[in-house]
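Take these sequences, add in the hints, and give me the full structure.
For the sequence shown, the working numbering assigns the number 1 to the initial residue and increments by one for each residue that follows.
Think of the hints as simulated: they come from the structure by calculation, not from any bench.
Quick caveat: nothing in here was measured; it's all calculated off a predicted structure.
Backbone N, C-alpha and C fix where the C-beta goes; we use that ideal spot for every residue, glycine too.
Careful, some of the hints might be misleading.
[As the list claims (entries may be wrong)] Straight-line C-alpha distance at most 20 Å; calculated SDA-like pairs for lysine to any residue:
#	residue 1	residue 2
1	K41	E97
2	K397	I309
3	K130	N273
4	K276	K397
5	K41	T85
6	K276	Y141
7	K186	I13
8	K130	V327
[Claimed, not checked] Each pair of labels, with its calculated beta carbon distance range:
#	residue 1	residue 2	range
9	T394	V99	43 to 51 Å
10	R277	K186	34 to 42 Å
11	E247	I309	13 to 21 Å
12	Y98	H370	47 to 55 Å
13	W304	F103	31 to 39 Å
14	Y373	E131	33 to 41 Å
15	E131	E247	45 to 53 Å
16	K397	Y98	50 to 58 Å
17	S163	I395	48 to 56 Å
18	R277	I183	36 to 44 Å
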Amino acid sequence: MNGFFAKWHPAVIVIVTGTLFTRAAFFMTMPFLAIYLYSEKGIEPAMVGLIIGVSALTGTFGGFFGGYLSDRVGRLPVMTAAILTWSAVFAGFAIAEYVWHFFLLNMLNGLCRSWFEPISRALLADVTTKENRLRVFNARYFAINVGAAIGPVAGTHLGTSSSTGAFYITAAAYLVYGLLIIITLKGYSAELKAGEERKFSIKSALTVLSKDRILAFFLIGNTIVMMAQSQMDTTLAQYIGNAPQFENGVKLFAYLVVTNAVTVLILQFPVTNYVKRFQPMNALRFGSIAFSLALLGFGLSTNWIFLVISMVFLTVGEIIVFVMSDVLLDDLAPDHMRGTYFGAMSFRSIGFSAGPWIGGLLLSTFGFEHGFYVFGSLTLISLLSLPFFQYGETIRKNLSAEHSVSTQERSLHT
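Given below as structure tokens:
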């Protein structure tokens with residue numbers, strides 16, 4: 001084990017370890033926010049969806065600018081500012097009272113997340129050799145889900161669905177993580193600027209991104225997929241917590257979140273090892289289909305057994321989409337624009353933003369008694385991602401063929 005970690009840059013160890021503990025704190029509180037807002041504050045499902053979704057909306061634009069800024073001034077300054085602010089935001093949740101409080105705080109939550117997460121992934125890629133990046137991305141994702149297995153159970157026992165006091169613990173965890181980054185990685189600041197030496201303007205960055213058609217179709221398809229994934233913490237949370245056919249809905253939802261995390265821990269490496277034989281765009285189509293089957297399953301479920309099976313399908317889709325998205329972006333990104341490309345993935349947060357609102361509208365329209373209509377509609381939306389991944393893969397094949405022909409012609413002339 002020591003030999004395994006000895007191969008890793010200290011930045012990798014800090015980020016993976018910090019991710020584990022902060023995500024445990026995150027999942028102790030945030031998955032229950034939608035239930036709390038509806039049950040304790042009496043906020044309508046559509047408005048709850050807007051409050052939850054605004055986090056992703058601010059992340060849509062903030063992530064790109066944060067990734068660009070990290071390429072300009074360095075990863076560590078931007079990451080440090082983001083995570084310390086994030087800690088203050090979680091403390092704010094503990095004392096919030098009114099709708100606009102939660103709305104503003106979740107806007108800042110999304111902004112901090114959109115700056116810290118893609119930049120930390122770009123930093124991991126900066127300090128890791130190309131052949132080891134999939135292993136490092138897997139380790140980070142594994143840490144996220146260890147935290148996700150611990151957090152919801154702790155949140156249930158702390159009564160997070162009926163109070164926000166546990167947010168103080170989350171705030172403290174993020175503060176400690178921020179201090180750990182400052183103290184541990186300060187001596188590596190010069191080294192961590194590798195790959196950032198070529199400076200460019202926002203205009204030139206947008207020009208490069210707009211001309212990358214594979215990236216464009218990937219982002220559109222991924223945005224639609226995120227509409228499906230976003231239902232877990234919003235529409236599904238409210239539905240399970242309040243639908244009359246489920247007893248102890250809050251506890252049941254907590255254990256579904258744990259099911260999600262434990263399934264990742266068990267299946268992440270087998271699933272990843274299987275799908276990496278496919279082109280990333282094709283693997284993303286498999287993930288989209290798994291999400292769609294999960295949503296349909298939630299709508300048809302009348303007991304916890306079918307809910308658990310549906311959650312397993314959702315988790316398989318999540319594993320494929322999250323890991324293979326990082327791999328695809330790493331393949332597409334020029335070295336000096338890696339932060340910008342990873343930041344551009346925040347555009348998919350439009351799906352995270354629209355998804356909770358759409359799910360909330362469907363709940364308000366059909367009610368908690370008619371889950372099939374709610375999740376059936378969401379299933380159809382999720383399937384719309386498939387043609388965009390297909391278009392992206394077609395473009396990749398055509399460009400690859402053109403490059404092969406060009407290489408052959410040059411070899412003939414020489």
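Now for the hints, and whether the structure bears them out:
1. For the suggested pair K41 and E97, the alpha carbons sit about 9 Å apart, so the restraint of at most 20 Å is met.
2. Between K397 and I309 the CA atoms are separated by roughly 35 Å; this puts the pair beyond 20 Å, and the hint is violated.
3. Restraint check: the Cα-Cα separation between K130 and N273 comes to about 16 Å, which is no more than 20 Å; the hinted pair holds.
4. Between K276 and K397 the alpha-carbon distance is near 17 Å, which keeps this suggested pair within the 20 Å criterion.
5. Between K41 and T85 the CA atoms are separated by roughly 26 Å; this puts the pair beyond 20 Å, and the hint is violated.
6. Distance hint between K276 and Y141 is fulfilled; the C-alpha atoms sit about 16 Å from each other, no more than 20 Å.
7. Only pairs whose Cα atoms come within 20 Å are accepted, and K186 paired with I13 is accepted, the gap being roughly 14 Å.
8. Restraint check: the Cα-Cα separation between K130 and V327 comes to about 10 Å, which is no more than 20 Å; the hinted pair holds.
9. In this structure, T394 and V99 meet the distance hint of 43 to 51 Å, their C-beta atoms being roughly 46 Å apart.
10. Taking the beta carbon of each, R277 and K186 are about 41 Å apart, inside 34 to 42 Å as hinted.
11. For E247 and I309, the Cβ-Cβ distance of about 19 Å falls inside the hinted range of 13 to 21 Å, so the restraint holds.
12. The given range of 47 to 55 Å is broken by Y98 and H370, whose C-beta atoms sit roughly 31 Å from each other.
13. In this structure, W304 and F103 meet the distance hint of 31 to 39 Å, their C-beta atoms being roughly 33 Å apart.
14. Checked against the given bound of 33 to 41 Å, the beta carbons of Y373 and E131, roughly 48 Å apart, lie outside it.
15. Against the hinted window of 45 to 53 Å, the Cβ-Cβ separation of E131 and E247 comes to about 50 Å, which satisfies the hint.
16. Roughly 53 Å separates the CB atoms of K397 and Y98, a value that falls within the hinted 50 to 58 Å.
17. Taken as a hint, the range 48 to 56 Å holds for the pair S163 and I395, whose Cβ atoms sit roughly 50 Å apart.
18. Between R277 and I183 the Cβ separation comes to about 41 Å, which falls inside the hinted range of 36 to 44 Å.
When each numbered hint is compared with the structure, violations occur for hints 2, 5, 12, 14.
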